[in-house]
Structures are given as structure tokens and as C-alpha cells.
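Q: When you get a sec, could you build the whole thing from the sequences and use the hints?
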Amino acid sequence: MAPLTDQSIAHLVKYDPELIDRQLPLWARRSNPLVRRQLGVYWKILAPEPATLLYWYMLLVALILISTFFPFIFRLAAGVAVAAVILAPLGLFAYLRILLYVGHDTARGMVDELRENTLALLRITPMNIGEILLSKVAAAIWRRGEELGLIMIGAFGLTLPLVLLQYTALFSLQTQPYEARFIVWVGVTVCLARLILEPLMIGAAGVLIAVLIPYRNLAALWTMILTILYFIFLNLPRVLPLTPEMRLLVEIALPVLLPVFITLFCFRAAAYLLLRD
Numbered sequence: 001m002a003p004l005t006d007q008s009i010a011h012l013v014k015y016d017p018e019l020i021d022r023q024l025p026l027w028a029r030r031s032n033p034l035v036r037r038q039l040g041v042y043w044k045i046l047a048p049e050p051a052t053l054l055y056w057y058m059l060l061v062a063l064i065l066i067s068t069f070f071p072f073i074f075r076l077a078a079g080v081a082v083a084a085v086i087l088a089p090l091g092l093f094a095y096l097r098i099l100l101y102v103g104h105d106t107a108r109g110m111v112d113e114l115r116e117n118t119l120a121l122l123r124i125t126p127m128n129i130g131e132i133l134l135s136k137v138a139a140a141i142w143r144r145g146e147e148l149g150l151i152m153i154g155a156f157g158l159t160l161p162l163v164l165l166q167y168t169a170l171f172s173l174q175t176q177p178y179e180a181r182f183i184v185w186v187g188v189t190v191c192l193a194r195l196i197l198e199p200l201m202i203g204a205a206g207v208l209i210a211v212l213i214p215y216r217n218l219a220a221l222w223t224m225i226l227t228i229l230y231f232i233f234l235n236l237p238r239v240l241p242l243t244p245e246m247r248l249l250v251e252i253a254l255p256v257l258l259p260v261f262i263t264l265f266c267f268r269a270a271a272y273l274l275l276r277d
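Position 14 of the sequence shown, counting from 1, maps to 14 under the working numbering, and the rest follow consecutively.
Hints are supplied without guarantee of correctness; some may be wrong.
Restraint-style ranges between C-beta atoms, simulated for each label pair [what the hints assert, rightly or not]:
| hint | residue 1 | residue 2 | range |
| --- | --- | --- | --- |
| 1 | 165 | 70 | 15 to 21 angstroms |
| 2 | 182 | 76 | 16 to 22 angstroms |
| 3 | 146 | 55 | 18 to 24 angstroms |
| 4 | 21 | 236 | 35 to 41 angstroms |
| 5 | 165 | 264 | 31 to 37 angstroms |
| 6 | 72 | 21 | 28 to 34 angstroms |
| 7 | 59 | 116 | 45 to 51 angstroms |
| 8 | 114 | 23 | 27 to 33 angstroms |
Hint data in this document are derived by calculation from the structure and do not stem from the laboratory. The C-beta atom is built at its ideal place from N, Cα and C for all residues, glycine as well.
A: Here is the structure:
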């Protein structure tokens, strides 16, 4: 293990959560009083900076583009595919556990707001009802920020080999070099985007369920049940014999479109029900 240098120690000591917060919208910031109130002592956690994640993503995109001229890059990535296949189930289990906690914490936190009748007080703030609900979800995600950050770091290392293994069987790198690389890029982008979209979706579902079922344990339980059912529904078609076009729809389009649609629906439905009351 490499020794800690003065520079690395100084970086840890000077770790400033507000530096990350400034890269996020107001409703997602830990300095946001609505988020800070729910986080409590969990507000200062080590999480990857959005700019760093974007840098890593651009590095993956650059590797995919450069592989057009240097094909050995993909051969090197394929060489770690076996390790990626072995580690992937562990990562998926840890990721599902995080999502269940996000749904659980969001539902219980939202029920607490409704029970204590503090939502009307929160609406006096400059934030609108949508931003208030988003803040509740952001607080639940931040509580799992360090764990989710580790999953993201692992995903950046394992996604490219797994996507190569999955889609180069459908699109040959030799006969369809440009199409195959485009599909690999889309597949990598979708896998990484899901790490942002799905926690937000589960949190939004927790908000809506809490509004519909204002009981802490019951709302949390139903949110967790629906989370499991969602992933069963999403992955069940993968075992069916599908054409390449249908496989791309099921594995690339749906995992992005469904979270966006469900998130928007849940937030709008919850806001409508709250404003109506």
C-alpha cells in the first residue's frame, strides 16, 4: 500500500462538502436546509465529485473512439471480462440494497413530514412543491452517498468489459466496427446513467406511496416491494429469445425511458395530491 503523502493528507483534511454542492442544483445540495435537516449527522460524507465522474466517463468514451485505430484496447478490456462477470452479481446485490434503503428512507421521511404537518411550513420557503419533494429524495440518496459512490467507481471499471461481452456477439467488431462501437458507447452510457436515474426513481416512488399510504412502515414496505417487482419486470424479458432490435429496446431503451417516465409521474402525482389537499 502506497504511503500517504503530505498532499494526499491535505486533500483529505480540506475535503469540503460545499465544493461538491456547488456543482449540483439547489434541491440536491447538502447545504440546502431541507436536505440538511433530514441528513442530520450524515451530511459530511466522502462522495465522488460530479466533475470527476464526468472526467471518467469522457475517458471511457475516448477509449472507445481510440479503439477504432488501436483494436488491442478492446482486447485488453475483454481480458478482464471474466473478473467483471464474477464481480457483477456482488455489485448488483449491493446496488439493489442501496435502492431499497433509498426507497425506505424516502417513504418514512415523507410520512413524517405529513404526520407533523410541516409540509405547509416548508412551502413558505422560496422552493416550490417539486423542489421540496426532490429535496426529500436527495436527502435519502445522500445518506447512502458513500456506498453509491463505491458502486459508481466499480461501474466505471467493470462496465466496458461487460458491455463488450454482451453486445459484440450481436454486432461484430470485425464486420461492423462502427456500429459495434456505437452500441458499446450507448450501452456504457445507459449503464452509468442508471446509477443516477434509478435512485431518483425509487425515491420518487417512495414520495408518492407515502402520500397515498401515510403510515411509516407500510409505506416503506410497499416502496421496497415495488422496487423488487420493478427489477424483476425489467430483467425478465432478457431470458426470452429476442431479435437484436428487441434486445436493444429491452436492454438499452427501457432502462432509461422507464425511470424518467416513472419519476416524472410520481412527482407530479404526489404534488397534485398534496396541493389538492
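Q: Compare the structure with each hint and give your call.
A: Here is how each hint holds up against the structure:
no., hint, verdict
1, 165 with 70: 15 to 21 angstroms, "holds, 20 angstroms"
2, 182 with 76: 16 to 22 angstroms, "holds, 20 angstroms"
3, 146 with 55: 18 to 24 angstroms, "holds, 20 angstroms"
4, 21 with 236: 35 to 41 angstroms, "holds, 39 angstroms"
5, 165 with 264: 31 to 37 angstroms, "holds, 33 angstroms"
6, 72 with 21: 28 to 34 angstroms, "violated, 41 angstroms"
7, 59 with 116: 45 to 51 angstroms, "holds, 46 angstroms"
8, 114 with 23: 27 to 33 angstroms, "holds, 31 angstroms"
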